[in-house]
Amino acid sequence: MYTLKRLLLGLITIWFIATATFFGMHAVPGDPLTTDKALNPTIRENLEEKYGLDKPLGTQYVIYLQNLVQGDFGISFTQENRQVNDIIAEHFPVSATLGILAIVFSAAGGVLWGALTALYRNRLPDTIIMFLVILGISVPSFVVAAIGQLSLVNLNQTAGTSILPVGGWGTIWHMIVPSMVLGLSTMAYLTRLMRSSMLEIVNADYVRTAKAKGVPAPQIFSRHQLRNAILPVITVLGPQIAIITTGGFVVEIIFAIPGLGRYFVQAVQQLDYTVIMGTTVFYGAFLVFMVILVDLIYGFIDPRVRLE
Amino acid sequence: MSEPRIAPDSEAAYAKSAGRQLLIFGLLVVAAIVALMWVLQALAGMVGGSNANAQAINYADQTITIALAEEPPQLDSTRATDASSGMVLGHLMEGLLRMDLNDRLEPAIAERWELTTTQATFWLRKDAKWSDGRPITAHDFSFAWRTVLDPATASRYSFLLYPIKNGRAINEGKLPPDQLGVSTPDDYTVVVELENPTPFFGKMVTFQTYFPLREDFYRSTNGKYGADADKLLSSGPFVATSWVHGASMYLEKNPHYWDRDRVKLNAINIGYITSDTNATLNFFKDNKIAFTTLSAENLREALEQRWHVKREQDGTVFYLEFNHQPNRLTRNKKLRQAMQLVIDMDELVYKVTKLPGYLPGESLFPVWLMGVNDYFRKEYPAPELKLDQDRARQLLAEAKTELGLERWPELVLLSGDNPLSSIQSEWVQGVLKEKLGLELKIDKQIFKQRLEKMHAGDFDMVLGGWGPDYDDPLTFGDLFASWNVQNRGGYASDELDRLVAIAQSSVDTEERMRAFAGIQQIIFDDVVILPMYERGVTYVVHPDLHNVKRRVIGAAVDYTSAYIDRGS
Amino acid sequence: MSQATQLPDDAFAPLTRSQHVQSLSRPSLSYWQDAWQRLRANRRAIISLYLILGLLLFTLIGPLLWRVDPALQDVDQISQPPGADRSAILTEDYQPWYGDPNTPGEGLRLAQPASTQAVRLQWEADPDAAEYRIYRNIFPVGTERALGLPLFETPANQTYFEDRLDLRPGVYFYTVVIMDSAGEETEGVILPDGQTPGSLPNQLEVEVKRVVTLSEARQRGLVDADENPPMGTEYQFAWHPLGTDYLGRDMLARLMHGARISLFIGFFAPLLYVLIGVIYGSMAGFIGGMTDQVLMRMADFVVALPFLLFMILFKVVFSIGPGESGITPMLVAMIILLWPSTARLVRGQILQIREEGYISASRLLGAQTNYLVLRHMIPNTMGVILVTLTFAVPGAIFTEAFLSFIGMGVAPPTPSWGSMCNEGIKTMLTTPHELIFPALFISITVLAFNLLGDGLRDALDARMRNRE
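Protein chains in written order, with our numbering: chain A, 1 to 308; chain B, 309 to 876; chain C, 877 to 1344.
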C-alpha cells in the first residue's frame, strides 16, 4: 500500500516535470529550427508543419501528453530520422554503466576514507586526506578529466605499449579512468560527509553502552558506528546516481564515450524539443525511482526510521 | 574470539582495531569492484562500442582509424547540412560529377555532361552500381531531387535545388513534385531544365543534396533512411558496415563501386566521436588515430613531438557585421569607417588567434575561390586598407556631429558562447576603447538565443561567419543582397543588388567575376561588414598515410584516394 | 545506652545568607558562549579565520595598492608567465614590406634585423620552383625531418616573406622548401646565406628580439609625449608579478577584482540555499507522513528540471540586458534551483534523530516543536549541514563561471576566478600559470571554509562539550 502510494505520487511528480519543462522550453527564445544559416520562409514552414510546430502551444502539449502516455517521445529535431526512444535506449545503458561504476568508486572510497579520517581525527591521515579532498573539489572536472587522459597517454608512451586505452568505449579497460574521474567529486563529498557523521556517533550513548558491555571493538565499529553513520551517505547517493548517470557530459566528450549526457546537453543547446523532453522525463522517472529506493533502504538500515 | 577486548577509554587500541577492520572492508570492496567490473564488461559487450584496440594504421589490413568531431545526425543526403554528414557522405556517396584532387570538375556517375543556358544533360555510365549490386539509374536521381523538394520531406537544403525548373514552386507546395524540370528519356540519361541560366550547375551537382536515392530502398526504411548502417545504400567508394551511435562507424571498401581501383584503403574505422581537440591530440599521440587537427594551444606540443604539421584553408570567412537598420547608430557610415581604420585584423590573427593558416580578413571573398583563369583574389585583389588612427578619430567626431550626440552611448556587440568568439569580442572591445574611446557592451548569448537576436536585428554589431554551400563566389556574393535572409543587418544597396543579379544569371564568366569584384569594392567602401579573418586548419597526418585531401566543400578530409606506405 | 548527641543551640540558628554558596567555581557558559570558546581554542578554525581575513584584504585593499586596470590588454605580452623577460628595444613604426632583392648576401637571409614586429626573409629565385613553402620551427631539424610550422606558400615570383605570427623573443629556425608544379614539396630547400648543402634540410637560425615602437612606448607611458629618444633605446615593459592572461591582461589585478564576484557568490549562494534547504528539510522530516511525501516530491521535481534550460529561462524572465551584470538574478536562480539536495539530506537526518531517546524524553517533558527542532535536531545535524555548505562553495564559484560564460552573470571584461579558470584550461599545458593561480585562490577559499566548518562542527557539537 505504502509503495503504491509512493508510485502514484511519483507519477504526479513526473507529470509536473514534463509540464514545467514543456512550457519552460517553449518560453526560451529561439526554436529548434533556427540555424546558423537562416532558413528561407518556405523551408521553415515545411519544417514547422512536419513537427507540428504550426499548431497552438496548448494543442502541442495535449498531443505530446497523448504520445507520452503511449511511451512515444517522438522524432529528434537534430537527428531527423531517429526516434528519441532509440536515442535513450542506445545511450542510457552506456551512461548507466559508467555511472554505476563511478558511484561504486565514490561510495566505497568515500565511506572508507571518511571512516579513516574520523578515526584519525585531526591527525596526519586526516590532514592529508582533507587536502586531497579540497584539491578534488577545487579543480574543475574538465581539468581532472584532461589530466587523467594525459597521464594515460604518458603511461602508454612510457610503457611503449597500450596499457589502458586513452578513450573510446567497449571494454572494461575503457571504463576505469573515466569512471574514477566522474566519481571524484562525489567521493570527496562523501568522504567529508562520512567523517562528519562518524564523529557524531563516536560518543553516542549506544556506542558507549556497547563499549561498557565489553562488545568486541570490531563489532562496535561495524555494527554500531559504520551502520549508523552511513545513512546520510545513502541519502546523498540516491539522487547522485541519477545526476551522475546523466551528468557525465564533460567526461563523455573528453573520453569519447557515447553516453546520454552528451545528447542531453547538446539537445538543450540546440533546443531540440523532443530530445529535451524525452531525456528530462526519463531522467525524472529514474530520479523518482532512485529516491523511493533510498527511502526503502533507510528503513532497512535503520529500523527506527518510520516513513508513515 | 581472537580480537582483544578493549577498555572503554583505550582510544588508541580501539582506533587500531577499527583501522584493521577498515582495511578488511577496503579489500572486500576492491574485490567486489573487480567482480562488478567483469559483470559490466559482459553488459558492455551488449551495448557495443568502438573498435577498442585498433591502432592508427593497420598495415596488414590496409585500414586506418580516425576520429570525428560530431556524430552525423543522419546519413540521409536529402537532409544533411552539417560538416560531419558531409565528411561521411563524401566517402559513402557519389553524385553525377565530382571534384578531383586538384579541385577540378570530373565525371563520376555521369561519364559526360553538357550544360547550356536552359538545360543540363548527364549521360550516366552503365557500370555504376549501388552497394547492393543493382545499377544506378537516371530514375534514382530524379526521385532523389523530387524527394528533396517535396514539402513533406522538409529538407533544409532544398533551396540548393531551386536552379532546377519549378524547384522553388514545388518546395512551396504550389506544384506537385512530378512537375520538376527533370526528365529521364532512358535509364541512363538525366535531362535537367534550368529555371535561370546557372553557369555553375556542374559544381552544384557534386554537392550532397544532389546525390541519388533509390526509391524502393528509401521507402523500405520507413522514414528511418540513413539512421543506421543497415538503412543506407552507397553509390560511392565506401559502404557503412556498422554504426554504433555516438561511438563509432566502420566504412568498408564498396565492392560494387565503379571506380574501385582508385580506392586503396580497405576500410576506414571511425573509432571515436569527440569534439574535444585535446582529446583527439591525445589519441593521435597514443597512435590510435591517423589524423588530428591542432589548436593554437597545442602547436608547441606538436613541434616538440616533431610531427609534420600541415595547414590549409577551411573555407569559412568571419566578419564583424553591422546593423544597418535606421534606428541604429551603426547605420552611420563614418562611424563604421572609423572602426575600419583602427581594428587591425593582422593583430587579431597574428597575436590573438595565433594559428598558421588563418589569414587576416581583407575581403568577403576568401582566397581559395576560383576566378576566370586563376584564383579570384589574384585576378581581383581586395582593396588595400591603411590603418589610420588620427583619421579615424576625425571621422568619429564627424559622425558624432552628424548623429547629434553629446557623447557616444555604449554599442552592443552580440557574441557567441564559444571560447574563440569570447576572446575575439573582448579583443574588439579593448581595441575600440583604447583607440577610439568607444565603449562596447558584449552581449553574450548561447547558440539559439544568439541566432534569435540576430534574426530580430537586436544588435549593433555581431560576430558572423559564412561557410560556402557550393563552389562559386556567389555563395558569398549574394549574402548582403537586400533580399537575402542571411542579411541580418538589413544592408540595402541598389548597386549591390544589381551586381548580384548579374552574377546570378550571366553566363559570361568574366562578366560575373567583374560583378563580384564590384561587390567586393562596395563591401569595402561602404563598410558593410569588417572582414576579420579566413579560417584555416592546422593538422597532422600519420607519416605513413599519404594522399589525404582536404576539401573546402564536401568531405572536409577526403581519404578516398589515400594510401598507406611505410616508407623506407 | 543511647546517648543523645549534644548539639549546641546555635546549630539550629539559620546561617547568615551567603551569596557564594550557590556559585560555581567557574563561570557558567551558555551553549553559544561555550561554542565560541572552543572555536577560539581550535587551531584549525583560527587558521581558517586568518585565511578568510586575508582573502577579504586581498579583494578589498588589494586593488587600492595594486592599481592596474584589470581590463587593459597588451598584445605584446600575451600569456606571459611570471618573471618573463620584459625588455624591449625602441624601433620604427611598422611599415608594410614587399621584399628587397638588394639585401646583401646570398640565399636565404634576413632583410632586416629580426624583431617581434616581423621577421623579413629574402631569397634568390630557384629555377625549378613553382612555389615556395616557408616553415618555422623552434628546434633545429632532426632526422625525423620535421620542419615545424608551415607558415605560408609564396608563388614563384615572390622570393620574400614576412613572418608576423605570434613572434616571441627567442630563437627560431626557418626553412624555405621548393615546391613543384603539382603542388608537392621537393627535397630542395633554399640554402641559407653562407651554408653548404647538408644531409638535413638547411635552416636559417634567427634570434628574435622584442621591440616597441615610439607610439606604443608613449601609450605605455615609457616615453613622455615630448621626448624623442634614439632608436635602439632599451625599455622595460610593465611588471606583472603573476604574469598575464590570453589577452595580455595583468593576472594579479584580475584575481583581485575577480575575487569580489567569486567570494560573493561563493559565500552567499550556498549560505542562502542551504538555509532554505535546512528549513524545508527539517519541516518535512519533523512533520512526516503525507506532508513529508508531498514536500519531498516537490524537491524531486526541482531536481529533475534541466538546469541549463531553466537558467536560460531565468535570464529571459529577469530580462538581463546586454553587458549588464546579472549577479542578483543569478543568485536568485541558483537559490531556486539548488536547495533540494540539502533539504533531502537534512530530512534524512531528522528522520533518524526523531526517534532518538532524548527527543522522546524532551517531548515528554513538554518541549515545544520549535524547541525540539532548534535545540535538538538542527544542532545534531550541524555536521552534515556544514559539510554541504563548505562543499557548495566551489560549486557556486564554478556555476557562476559557467553562467557568465553563457551570458548570465558578469559581463566581460569583468573577471571572476571561475571564468579565469575556464579560460586557463585551454592553455593548461603551455602556460599553466593562467590556470594555477585562479585555481589556487579557489582552493584556498575552499580550504578556509572547510577548516572553519570543521572548527564550527567541533565547537557546536553539544556532545563534545566536556571533552578536550
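Treat the hints as calculated values from the structure; they're not laboratory data.
Hints are not guaranteed to be accurate.
[To be verified] Between beta-carbon pairs, the in silico distance windows are:
1. B:Val675 with C:Leu1076: 52 to 62 Å
2. A:Gly58 with C:Leu1148: 50 to 60 Å
3. B:Ala764 with C:Pro977: 49 to 59 Å
4. A:Lys37 with B:Asn366: 49 to 59 Å
5. B:Arg806 with A:Glu48: 29 to 39 Å
[Unchecked claim] Pairs of lysine-lysine, DSS-like flavour, derived with a Cα cap of 25 Å:
6. B:Lys686 with B:Lys857
7. A:Lys37 with B:Lys511
8. B:Lys749 with B:Lys708
9. B:Lys694 with B:Lys743
10. B:Lys618 with B:Lys659
11. B:Lys708 with B:Lys741
12. C:Lys1085 with B:Lys761
13. B:Lys761 with A:Lys37
14. B:Lys618 with B:Lys694
15. A:Lys50 with B:Lys482
16. B:Lys761 with B:Lys659
17. B:Lys532 with A:Lys50
18. B:Lys572 with B:Lys642
19. B:Lys761 with A:Lys55
20. B:Lys324 with A:Lys211
21. B:Lys572 with B:Lys749
22. A:Lys213 with B:Lys473
23. B:Lys532 with B:Lys434
24. B:Lys434 with A:Lys37
25. B:Lys473 with A:Lys55
26. C:Lys1085 with B:Lys659
27. B:Lys662 with B:Lys618
28. B:Lys473 with B:Lys511
29. B:Lys749 with B:Lys761
30. B:Lys662 with B:Lys694
31. B:Lys437 with B:Lys618
Backbone N, C-alpha and C define an ideal beta-carbon position, used for all residues, glycine too.
Which hints, by number, does the structure contradict? When the structure is compared with the hints, numbers 1, 2, 4, 12, 14, 16, 18, 21, 22, 23, 24, 25 and 31 turn out to be violated.
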